[in-house]
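Visitor: Residue-level listing of the chains:
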Amino acid sequence: MAHGPATLADGWVKYASRWLFTTNHKDIGTLYLWFSFAMFILGGSFAMVIRAELFQPGMQLIKPEFFNQMTTMHGLVMVFGAIMPAFVGLANWLIPMMIGAPDMALPRMNNLSFWILPFAFAILVATLFMEGGGPNFGWTFYAPLSTTYAPDTVNYFIFGVHIMGASSIMGSINIIATVMNMRAPGMTYMKMPMFVWTWLITAFLLVAVMPVLAGAVTMMLMDINFGTSFFDAAGGGDPVLFQHVFWFFGHPEVYIIILPAFGVVSQIIPTFSRKPLFGYSSMVYATASIAFMSFIVWAHHMFTVGMPIAGELYFMYATMLIAVPTGVKVFNWITTMYKGSLTFETPMLFSIAFVILFTFGGFTGLMLSIAAADIQYHDTYFVVAHFHYVMVAGAVFSGTAAVYYWLPKWCGKMYDETMGKVQFWIAFIGFNITFMPQHFLGLAGMPRRYADYGLQFADWNMVSSIGAFMYGAAQILFLFNVVRTITHGKPVDKPEVWEGAEGLEWTVPTPAPYHTFEKPPQVK
Amino acid sequence: MQTSHRKLLAKLLAMAVAMFLFAVFVLPPLYDLFCEITGIGGRTDGKYEAVEVRVDTSRQVEVQFVATNNAEMPWKFYPMEYSVVVHPGESRAVNFFAHNTTGEDMIAQAIPNVLPNNAADYFHKTACFCFDSQPLAAGDQAELGLVFIIDPDLPDSVNTVTLSYTLFDITDRSELSVSQIQ
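Protein chains in written order, with the working numbering: chain A, 1 to 524; chain B, 525 to 706.
If you're looking for bench data, these hints aren't it; they were derived computationally from the structure.
Any given hint could be a false lead.
Said to hold, decoys possible - Derived CB-CB ranges, DEER-like:
| no. | chain 1 | residue 1 | chain 2 | residue 2 | range |
| --- | --- | --- | --- | --- | --- |
| 1 | B | 527 | A | 366 | 43 to 49 Å |
| 2 | A | 462 | B | 628 | 47 to 53 Å |
| 3 | B | 534 | A | 15 | 34 to 40 Å |
| 4 | A | 462 | B | 545 | 47 to 53 Å |
| 5 | A | 292 | B | 662 | 57 to 63 Å |
Every residue, glycine too, gets a C-beta built ideally from N, C-alpha and C.
With these hints in hand, go ahead and build the complete structure from the sequences.
Guide: Following this line, the structure appears as structure tokens:
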């Protein structure tokens with residue numbers, strides 16, 4: 001290969017420079033995916049510390065102050081370090097190949113948006129080793145916990161969030177530019193694969209709300225260091241304002257996480273059902289409506305702040321309305337499978353589990369949207385269970401499905417199907433053992449984010465912890481399976497890899513060459 | 525870079541910058557305005573200019589006073605009357621007691637809040653110690669005055685209004701010293 005990428009055989013300097021200075025969308029996709037997996041393991045180990053401490057009532061392993069840092073860092077690392085970069089990595093790898101483009105539109109910005117991420121997380125994680133400890137105010141960093149009462153390291157946290165935001169904004173601008181300007185001739189918007197559609201909409205959400213997050217932390221920075229009073233009641237500010245600004249970012253953020261997951265599942269289910277996706281255009285419109293509605297429901301996260309009844313009713317009904325487009329999506333996935341000739345390879349198993357468990361998480365979301373009932377559920381383990389059903393069984397399961405589905409295309413080798421299925425069942429069972437009991441704990445009144453709990457919660461907490469260790473073990477198996485595929489996997493050479501796979505990415509040779517679609521394909 | 529890319533990049537960057545400015549410079553004032561219009565959060569208005577109003581002697585409203593110290597504020601701070609009964613439209617003066625028990629000069633700021641929310645617009649203060657910061661030298665004590673009028677338009681459903689003050693220590697953020705303010 002005369003113009004191929006540098007390998008280890010070319011010496012480590014050349015090899016390292018390749019990754020540092022790469023502008024190739026596949027290299028950058030790979031970097032994002034490995035980085036997010038590393039963060040997933042890190043955030044997961046924080047979760048293991050949390051569950052180990054909660055295994056029994058009373059304090060056994062760590063101090064409550066450190067427990068607070070663990071819950072905060074677990075949330076931050078998983079949301080901003082694991083899930084979001086994982087889907088950006090998938091977007092980098094797949095979007096150019098799916099729309100017949102040779103690369104991303106702005107390759108050098110692409111390099112920058114990845115390489116600032118490790119610095120952001122180095123800054124964030126380093127605070128754990130500093131005097132005063134890391135951020136301990138929950139991943140939602142409500143003022144005044146994150147301002148007046150925050151450890152001094154909060155400034156590092158703010159700086160880290162700024163860098164993450166910059167990275168996300170650059171990444172999304174790149175995706176929008178690629179999708180809007182670089183589609184192959186004949187690839188109209190309504191012919192784009194669902195994954196591309198969901199990412200295009202997600203990218204617009206990111207450009208709209210990441211700056212709001214940057215604004216929120218900037219106001220915190222000013223309150224802490226420069227004597228302003230945005231969130232400080234003593235100076236005429238209002239801590240509730242923080243919650244409004246945060247959730248104005250935060251609610252679109254949860255759709256930023258889940259929409260690409262919808263896209264992944266919408267690619268995988270048709271393949272293993274050997275049928276085209278049912279209701280493609282309704283999927284597109286449903287995605288767009290969900291994105292729009294994400295901007296007008298934020299205060300359902302704050303029913304307990306003392307809103308007037310009109311506000312509670314508005315946010316309650318608006319939130320319930322989101323179930324309609326989401327229901328359309330679930331209906332379409334199920335109808336795609338109906339009367340299909342189904343096979344159950346690992347990606348399909350994860351996708352079906354996604355549909356079931358995400359729907360479950362959606363229903364608990366509907367329960368939480370009832371303002372009157374939410375007064376009881378608010379800040380309990382019921383909420384924790386709800387968002388782990390949509391974030392883990394939703395985003396993480398779909399990310400895992402995506403890796404298994406496209407891994408043969410990426411590296412030209414087939415993963416071990418048995419190991420994949422074993423991983424799936426350990427993950428599926430472990431996940432439900434972990435989070436199903438948390439519904440019961442929450443309904444019984446166990447508050448979230450505490451290092452200790454009353455004796456009446458002891459049994460289900462122990463069950464939950466056992467499930468968490470199981471789920472954690474499944475991820476180690478996942479890592480092992482992926483590494484083993486790359487080193488010892490059975491070679492695949494069919495371009496389409498899967499029998500029923502459709503789309504431009506399956507027309508290029510397997511493994512995908514370093515440069516694809518240098519001449520744009522003609523889409524009929 | 526292609527022109528089409530450059531144009532799109534410029535538009536999207538402008539959108540990001542606009543959203544940042546929106547979050548920092550538009551949302552907070554908008555929120556304040558919204559709270560002021562709706563009375564959400566029990567915010568009371570600023571100083572009220574007394575106007576000739578009829579006193580509605582057919583009605584009695586109980587006004588309760590609550591005083592709270594924020595966080596580590598060490599002062600003694602309490603209302604000298606815990607509740608008074610007034611007619612709507614009648615002007616009434618009450619006093620709060622404050623005592624700086626520490627050995628250092630301090631400056632405090634009281635932040636008022638009215639419950640229920642729908643009474644906030646009808647609770648008028650014509651004079652209030654909360655309009656200014658309150659300096660007290662070490663060991664000093666003071667009676668802090670408040671004059672208020674309940675608006676005769678107060679909704680019929682409201683029979684009791686609770687006015688609460690939270691006292692904040694603002695010594696560190698104040699640019700003036702205690703003697704300069706006094």
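Visitor: Does each hint hold? Answer for all of them.
Guide: These are the hints, each one checked on the structure:
Evaluation of the 43 to 49 Å hint for residue 527 of chain B and residue 366 of chain A yields a pass: the beta carbon distance comes to about 47 Å. Checked against the hint of 47 to 53 Å, the C-beta distance between residue 462 of chain A and residue 628 of chain B comes to roughly 51 Å, which is consistent with it. For the pair residue 534 of chain B and residue 15 of chain A, the beta carbons lie near 36 Å from each other, so the given range of 34 to 40 Å is met. Under the hint 47 to 53 Å, the C-beta atoms of residue 462 of chain A and residue 545 of chain B, about 50 Å apart, fit the expected range.
Distance hint check for residue 292 of chain A and residue 662 of chain B: the Cβ-Cβ separation is about 59 Å, which falls inside the suggested range of 57 to 63 Å.
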